[in-house]
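Sequence order for the protein chains is B and Y. Residue numbers for the first sequence, in the numbering used here: 3 to 238. Residue numbers for the second sequence, in the numbering used here: 10 to 117.
A portion of the hints provided could be inaccurate.
[Said to hold, decoys possible] For lysine-lysine, the following DSS-like pairs were computed, each having C-alpha atoms within a straight-line distance of at most 25 Å:
| no. | chain 1 | residue 1 | chain 2 | residue 2 |
| --- | --- | --- | --- | --- |
| 1 | B | LYS216 | B | LYS108 |
| 2 | Y | LYS28 | B | LYS104 |
| 3 | B | LYS9 | B | LYS141 |
| 4 | Y | LYS86 | B | LYS9 |
| 5 | B | LYS9 | B | LYS108 |
| 6 | B | LYS9 | B | LYS216 |
| 7 | Y | LYS28 | B | LYS9 |
| 8 | B | LYS153 | B | LYS141 |
| 9 | Y | LYS86 | Y | LYS28 |
| 10 | Y | LYS30 | B | LYS108 |
| 11 | B | LYS108 | Y | LYS28 |
| 12 | B | LYS9 | B | LYS104 |
| 13 | B | LYS104 | Y | LYS26 |
| 14 | Y | LYS112 | Y | LYS59 |
| 15 | Y | LYS59 | B | LYS216 |
| 16 | B | LYS216 | Y | LYS28 |
| 17 | B | LYS216 | Y | LYS26 |
| 18 | Y | LYS26 | B | LYS108 |
| 19 | Y | LYS112 | B | LYS216 |
| 20 | Y | LYS30 | B | LYS104 |
Calculated directly from the structure, the hints in this document are not laboratory data.
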Amino acid sequence: MGASYGKLMMWFFLLSDAFTFSGLLITYGLVRSSHPAWEGVREEFVFSTEYWPIPERVFEAVPFLHGISLPLVFVGIMTFVLIMSSVTMVLAVEAGHRMDRKAVEKWMLWTLLGGIAFLGCQAWEWTHFIVGTETATIKEVFNLTTGIWDKVPVTGANLHVNQYGPQAFADFFFFITGFHGFHVFSGVMFNFLIYYNTVTGVYERRGHYEMVEKVGLYWHFVDLVWVFVFTFFYLV
Amino acid sequence: MAHHSIEPQVTVLPPDKEKIKRLWTVAGILGLITAVEFAIAFLWPHGVAKTALFVILTIVKAGYIVGEFMHLRYEVKVLFWAILVPVLFIIWMLVAFVYEGMKMPVFL
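Produce the entire structure from the sequences given, and follow the hints as far as they go.
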């Protein structure tokens, strides 16, 4: 087909991976559209398990700026970090075409830094999501012994409770961003391997840097998935 | 005994200025579209039009990433179509599932 075997197989793997992520995001769309939405004004929005939350009111915290409402700012920074690390990756590929080992090393280091920074941001975001806000959401839970609906205060979210909205919202948050985060983590591992092989001169002796290109494809794919997660989970 | 210690002769080519410039331009476009999305998120009321615009902008971004960063635009046509055609079915799947979801509401 004119493309090398390795690159071709990477493309086919990425296509199958795209189907997996589509499955997750489309299921999110299905479940979200079957839940009632918040009908009121954005400013008056309050968390309730009765309707799907507005994402920009869920994700409005930024580290070190406690108590200030900055909707989507932190996730915007994360997007920027990932796009930048995609650029440095493609610059590493370009340097590889020219057999410029020093430049490949430099750009791979920047790419690694971007990936690790993104993972750090995600750890922060998850912690905040799990711990929750200062005001609890009141959830009505049916008490089997008394036979009445108890009002239970809920803070934070996990796979059992969710203060931000219906339980499915938290479940999807953990599964979708978690699955993507795991891809980023694997990508950082691969990138490190590439960096190591570059430094030790493996590719120079081999006479080409095609491995940088193949792992680069994977890394760009991680960025690509994030673009979709950003839109469908945080913006819409 | 073979001489394993012989270092290969490597010719380092100078940077392709034009290519690098194009890559940074693409990065700029991606950043700009994200900034526009950010602005729309706060300035526009929620609705079908807003969602549709987000989806279009996302596909434009995806096109730049796949076409330029992943180099698919410059690959052989067979590979290009082998990747693009299956992806088109995902759009069908998305529309079908969201439509189904709206037809079967969850009772909380």
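Right, here's what the structure says about each hint:
no.: 1; hint: LYS216/B <-> LYS108/B; in the structure: holds (18 Å)
no.: 2; hint: LYS28/Y <-> LYS104/B; in the structure: holds (19 Å)
no.: 3; hint: LYS9/B <-> LYS141/B; in the structure: violated (51 Å)
no.: 4; hint: LYS86/Y <-> LYS9/B; in the structure: holds (15 Å)
no.: 5; hint: LYS9/B <-> LYS108/B; in the structure: holds (23 Å)
no.: 6; hint: LYS9/B <-> LYS216/B; in the structure: holds (6 Å)
no.: 7; hint: LYS28/Y <-> LYS9/B; in the structure: holds (21 Å)
no.: 8; hint: LYS153/B <-> LYS141/B; in the structure: holds (6 Å)
no.: 9; hint: LYS86/Y <-> LYS28/Y; in the structure: holds (21 Å)
no.: 10; hint: LYS30/Y <-> LYS108/B; in the structure: holds (18 Å)
no.: 11; hint: LYS108/B <-> LYS28/Y; in the structure: holds (18 Å)
no.: 12; hint: LYS9/B <-> LYS104/B; in the structure: holds (24 Å)
no.: 13; hint: LYS104/B <-> LYS26/Y; in the structure: holds (17 Å)
no.: 14; hint: LYS112/Y <-> LYS59/Y; in the structure: holds (21 Å)
no.: 15; hint: LYS59/Y <-> LYS216/B; in the structure: violated (36 Å)
no.: 16; hint: LYS216/B <-> LYS28/Y; in the structure: holds (19 Å)
no.: 17; hint: LYS216/B <-> LYS26/Y; in the structure: holds (23 Å)
no.: 18; hint: LYS26/Y <-> LYS108/B; in the structure: holds (17 Å)
no.: 19; hint: LYS112/Y <-> LYS216/B; in the structure: violated (43 Å)
no.: 20; hint: LYS30/Y <-> LYS104/B; in the structure: holds (20 Å)
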